Amino acid sequence: MNTRVGVVLFPGTNCELDVVDAIDGRGGSAEVLWHGDDTTKGVDAVIIPGGFAHGDYLRTGAIARFSPVMQAVTSYARAGGPVVGICNGFQVLCEAHLLPGALQKNAGLKFLCETVELRVETTSTVLTNRAEAGDRLRIPINHFEGNFACDERTLARLRADDRVVLRYMNNPNGSLDDIAGICNEARNVVGLMPHPERASSTLLGSADGLVLLDSLLAAAGQRATMTA
Amino acid sequence: MPTFHAHVEVSHLPGIADPAGATVERALPALGYTNVSEVKIGKTIRLVVDATDAEAARQQVKEMCERLLANPVIEAYEVTIT
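Chains A and S are the protein sequences, given in the same order.
For any residue, its number in my numbering is found by taking its place in the first sequence, counting from 1, and adding 42.
For any residue, its number in my numbering is found by taking its place in the second sequence, counting from 1, and adding 4.
By construction, these hints were calculated from the structure, which means they are not laboratory data.
Treat the numbers as computed from the prediction; the structure is a model and nothing was measured.
A couple of the hints might just be wrong.
What the hints assert, rightly or not - Distance condition first, Cα-Cα at most 20 Å in a straight line; then the derived EDC-like pairs of lysine to aspartate or glutamate:
| no. | chain 1 | residue 1 | chain 2 | residue 2 |
| --- | --- | --- | --- | --- |
| 1 | S | Lys-44 | S | Glu-79 |
| 2 | S | Lys-47 | S | Glu-79 |
| 3 | S | Lys-47 | A | Asp-98 |
| 4 | S | Lys-44 | A | Asp-193 |
| 5 | S | Lys-66 | S | Glu-79 |
| 6 | A | Lys-152 | A | Asp-220 |
| 7 | S | Lys-47 | S | Glu-70 |
| 8 | S | Lys-66 | S | Asp-54 |
| 9 | A | Lys-152 | S | Glu-29 |
Chain A on its own, in the form it takes in the complex (with noise of 0.2 Å):
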């Protein structure tokens, strides 16, 4: 059986058909998680695609949080289930308190859409398990809030815990340390801001998404075999 993969629907979320789509053509079986669901449908892993969830009001991700979805995710992350959130559900996990930090606006205060250089800095966690680290990849960003933000200490012990997944090689949005991806304690929850979706093929530009992709289906087919 493919490893299925939940991707959850907020109202504004926009990316979700991109990311079954690519999820789809790496072999896995992408569904559709309707956020007004307490439930992850007995899924292998679970995405949080970009988008406006609810509209962004108030703060990126600070009313998705509180959607019947989310109950469901938090229970599926703290037992150890595969979950990564892009862009703004990078914003939501954060919000969540899935993962530890803010999404603030960009320096300069520009909407960004670009390719970037990205390093990966661990392959220990759900998301960079098929790459090595040091691996340079090239992933479009999309979005307006992916300055990230923590106190002193937070950073602190996201470096010494090797909690930073990847790293901008050029920081295009003030991001503290050049952050543009995390991951939690038990490294099973990641959060990024460039779209691995958005680099799933050389005729989009790029194809260095789908280590990232081949990593989660890795982790959800592990969990599959765990669980069965």
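We have chain A; now place chain S onto it with these hints.
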């Protein structure tokens, strides 16, 4: 139950960058205002709450700030009840 007006000022915590404030600070000299510094941009939330007394209203608004109105990870807030 009496009605109270709450005024909530949300700002960045000390040590957290304020990109909007920094951008406005860089823009002001272009208009000739070269003597301005420490521009900070936050937000104001006003609401009306029914509560038994001012202290109960303040406690509830503070709880709402912790849970939704502010993000205590990067933001500070100040509640005024009238």
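Here's how the hints hold up against the structure:
1. S:Lys-44 <-> S:Glu-79: holds, 12 Å
2. S:Lys-47 <-> S:Glu-79: holds, 10 Å
3. S:Lys-47 <-> A:Asp-98: Holds. Lys-47 of chain S to Asp-98 of chain A sits at ~15 Å (cutoff 20 Å).
4. S:Lys-44 <-> A:Asp-193: With Cα atoms ~18 Å apart, Lys-44 of chain S and Asp-193 of chain A stay inside 20 Å; holds.
5. S:Lys-66 <-> S:Glu-79: holds, 13 Å
6. A:Lys-152 <-> A:Asp-220: OK: Lys-152 of chain A and Asp-220 of chain A at ~17 Å, within 20 Å.
7. S:Lys-47 <-> S:Glu-70: Measuring from Cα to Cα gives roughly 15 Å; hence the hint holds.
8. S:Lys-66 <-> S:Asp-54: holds, 14 Å
9. A:Lys-152 <-> S:Glu-29: holds, 16 Å
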